[in-house]
Amino acid sequence: MSNNQITLKGVKKSYGGRVVSDIADLALGRHGVEGLIGPNGAGKTTLMSLITGKISADAGEILFFENGNRHDISGKKLDAVARLGLVRTNQRIQDFESLGILDSMLLSVVQPAQETVLGLFAETALRQQAHPAINRYLEAFRFSDPGGYALSAGEKKLLDIIRCLLLKPKFLLMDEPTVGLPQDQTDKVMEVVREAARDDGMSVVIIEHDLDLIWNVCEYIHFMADGRIMAQGTPDEVRTSTMVREKYMGEGDA
Amino acid sequence: MSVVTSALVLGLIEAAPLVLAAMGFTLIYYLNGFTNVAFAENITFGAFFAVIFTSILGLDFYLSIIPASLLSGAVSVLTYLCIFRPALRRGVGPTEMIILSVGLSFALRYGARLIFGGDLYYFDTVSPEYYAFLGVGVTSFQITALVLVAVLASLLYVFIYRTRYGEMMRALANNEELALASGINPTLVSVLIWFIAGVAGGLAGVFFGVFSFVNTLVGWNLILIVIMISIIGGVGSIRGALIASVVVGIVTSSISLVATPLYGEVLLLVLFIAFLKIRQMRARA
Amino acid sequence: MIDLLSGYAIFSLSTVLVFVALATLLHLQFGLAGIVNFGVVGFWGLGMYAFGILLLNFQLPYFVALILAVAIVALVAFVLGWVVLDLDSQAQLVATLAFAAVIADLVTTEKWLTKGVVGLGTVPHPFGGAQSALWLLLILLVLTVGVIVYARLLGRSPFGRLLAAIRDNEVLARNLGKDTSRAKLIFFTLTSAGMGLFGALSAPVRQFLTPDLLGPGVTFSVWIALIVGGKRWPLGGLLGVLLTIFVFDFLIETYLRVPSDWAQIIPILKLMLYGVTLVLVLLFRPFGLLGDRRQPTSHL
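These protein sequence lines are chains S, U and V, in that order. Here the working numbering is used: the first residue of the first sequence is 1, the next is one more, and so on. Here the working numbering is used: the first residue of the second sequence is 1, the next is one more, and so on. Here the working numbering is used: the first residue of the third sequence is 1, the next is one more, and so on.
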């Protein structure tokens, strides 16, 4: 079980008069691997963007607790939040056009002390130091050209997740990790994520429309609609909730 | 009080060519989403066309405005069809488009320089009459320019926001696929927009030339202010460009009442850089 | 060697070397980090005038004045960078252009300091003696090679990788915890100070400083050289300068005997051809002669 937690109090965000996020009181990360589900437009991705500081909230307080430390991350910048160990994988495909697969991974692994204007010869040491971690992922996941670029959409998505895992985050937010990934790769990703949650105490929150994955992987689930948290509980509790059925699973797209 | 009225009157006069230039520049940005630095040469060419018609062909100044502005419109369309459209089709990114337009700007400017040399040209066939307006001395040209600009800017505004073509253009700028699906011919609308932008730029050059002089650097000296105005007005907003150019005109003339022109420019540019930072900081908060 | 190089040839070669250095520094800013700096002449000119003023007006020792001039440029670059680096490329373009215009204006107006259009001079060479101009050329050569070597090493270092990542997708880089604003600011300050250093060393090359040296043609020449050569390559600036500035400012002006009424047309023709070349390169070979640089790390 992890010691990491995110709490949100009175967090509000609206665009042009439309409230897209209205979170009265929410605690994420108490249960290891958690799920965040809800219909399209419920505000799940916006919630993640608010937590990581990609967008700033109109009001409210967001706190991040890791290993007994308390950080007020409301209004903090994206990169500052990531450096605290709170990292998010992207829903849409994001890549560095000119960086190869290994370069992308090295970018994740490198320490700020090695990344300086005068650190012209730090590359050799960096590669040696990064070797075991990177190799582990290259063995677990098969890229068609590991010495080249991520070619397909699936490879780019996978690379995005691996980049985040290489940061050894304390808290990982995953925004629809299965979209664009083949089933066998999805299974492997989840295996690696669960391993990190178990061994390193990493907390995980997954947004997914693939409910089978949610019921299988998550220990606790938050259900969201219209920018609010509507229901919370174990997979069984949420699955049997009439409200969740009406608002979400009744739609037929699940 | 007199300082305020002078600043206002002189500011409006100063703003007159700026309004046209800023609207023309913003139209292109709005349609194609890139900064066209070569718009500077549109301004310059407009002024030179008018010089050719008046000084060399001996046409009446007011009459010469018409062919001069139509010709600048044609030049604008030509740059679009020969350079910018092919570049956009090849997928050249916004930053590279800026550099491309800088290249075109230099090619045209120094091409014009080869023909016209570094001399200053004046509209010397006409001599202005002087009036006092709210206690400020103004010339008949300045009043004509002000009225013409007001009329043209209003027409342009009505065209963009109130007519079917304006609607088509805005549809095209927002979503090309959707525009195509609804039966809009993108090439035709684009050519029309570039033509109007060129006419506006050319007229700006003519009026700027009447107020002072014409040389091959007229447009280049103006373009920085024009791009600034479009940024202050909210990039791609024609309404914003209209308001911002009037504000910048008044600010510039207020500064020039208390400082020499070069200090005025320094102050304006520093104010602009500060404006960028303040807006960025406010956006983040 | 010395016989082959006339005084004018040394002057021209020195100028060409300065442009190679500026184009390489612009490769670092634009080609590597994606910063749109259209104020090259501002940093270069500020370095040149700051050095001239500190040396002549304030009578500071040569190398103290040099270091102080570069420090002034670094400070100004830091402030400007803080303002513009997180803005989009259009705003960066206008703000840096505006900065260069401000420098040119102030050099013209502040006659008490710069002597305005009358000109500030004479800036002496760093070493005296009969071969003083040649010594200056050698210093410039060493420093220019230094900049190219730095660019080459940086491109393969972790910081170079970070800059490429920022250029490609800044939000994603920040997502990985990279303080991109800080990285850009440090890098912009350093490279702009480099432009200031070559500006300061251009003062003794020029010897006599006038505001007309600070026209937009300088920035444009540096840009055209880099784009023609290849913005992604440490040698792109060198290649581009050899094909453009070297041909016009060295070969033609030094060795080609042109009739005197042509002499005035050549600089204008040059800038026009630069413009045409820039358009053609961007349309038909957008990454310049050396092409795109995509060499992924293939093994650890």
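Calculated directly from the structure, the hints in this document are not laboratory data. Treat the hints with caution; some may be incorrect.
What the simulated footprint calls covered on chain V by chain U, stretch by stretch (three residues with Cβ under 8 Å from a Cβ of chain U suffice, anywhere in the stretch; the number is not a length) [said to hold, decoys possible]: (1) 76 to 87; (2) 280 to 289.
Here are the computed lysine to aspartate or glutamate pairs in the EDC-like style, where the Cα-Cα straight-line distance is at most 20 Å [stated by the list, open to error]: (3) Lys76/S x Asp212/V; (4) Lys54/S x Asp179/V; (5) Lys188/S x Glu237/S; (6) Lys277/U x Asp88/V; (7) Lys188/S x Glu170/V; (8) Lys277/U x Asp168/V; (9) Lys247/S x Glu237/S; (10) Lys76/S x Asp145/S; (11) Lys156/S x Asp86/V; (12) Lys76/S x Asp168/V; (13) Lys54/S x Asp88/V; (14) Lys168/S x Asp179/V; (15) Lys247/S x Asp179/V; (16) Lys54/S x Glu170/V; (17) Lys277/U x Asp86/V; (18) Lys54/S x Asp212/V; (19) Lys188/S x Asp226/S; (20) Lys77/S x Asp88/V; (21) Lys77/S x Asp212/V; (22) Lys77/S x Glu170/V; (23) Lys156/S x Glu170/V; (24) Lys247/S x Asp212/S; (25) Lys76/S x Glu170/V; (26) Lys115/V x Asp179/V.
Chain V residues, not near chain U, derived (Cβ > 12 Å throughout) [stated by the list, open to error]: (27) Val102; (28) Pro216; (29) His299.
In this text, a Cβ means the ideal position worked out from N, Cα and C, and glycines have one as well.
Structure-based check of each hint:
| no. | hint | in the structure |
| --- | --- | --- |
| 1 | 76 to 87 | holds (count 6) |
| 2 | 280 to 289 | holds (count 3) |
| 3 | Lys76/S x Asp212/V | violated (47 Å) |
| 4 | Lys54/S x Asp179/V | holds (14 Å) |
| 5 | Lys188/S x Glu237/S | violated (27 Å) |
| 6 | Lys277/U x Asp88/V | holds (12 Å) |
| 7 | Lys188/S x Glu170/V | violated (29 Å) |
| 8 | Lys277/U x Asp168/V | violated (24 Å) |
| 9 | Lys247/S x Glu237/S | holds (15 Å) |
| 10 | Lys76/S x Asp145/S | violated (38 Å) |
| 11 | Lys156/S x Asp86/V | violated (26 Å) |
| 12 | Lys76/S x Asp168/V | violated (23 Å) |
| 13 | Lys54/S x Asp88/V | holds (17 Å) |
| 14 | Lys168/S x Asp179/V | holds (18 Å) |
| 15 | Lys247/S x Asp179/V | violated (41 Å) |
| 16 | Lys54/S x Glu170/V | holds (12 Å) |
| 17 | Lys277/U x Asp86/V | holds (9 Å) |
| 18 | Lys54/S x Asp212/V | violated (46 Å) |
| 19 | Lys188/S x Asp226/S | violated (33 Å) |
| 20 | Lys77/S x Asp88/V | holds (18 Å) |
| 21 | Lys77/S x Asp212/V | violated (44 Å) |
| 22 | Lys77/S x Glu170/V | holds (13 Å) |
| 23 | Lys156/S x Glu170/V | holds (17 Å) |
| 24 | Lys247/S x Asp212/S | holds (18 Å) |
| 25 | Lys76/S x Glu170/V | holds (17 Å) |
| 26 | Lys115/V x Asp179/V | violated (43 Å) |
| 27 | Val102 | violated (5 Å) |
| 28 | Pro216 | violated (7 Å) |
| 29 | His299 | holds (32 Å) |
Hint check: violations occur at hints 3, 5, 7, 8, 10, 11, 12, 15, 18, 19, 21, 26, 27 and 28; the rest are consistent with the structure.
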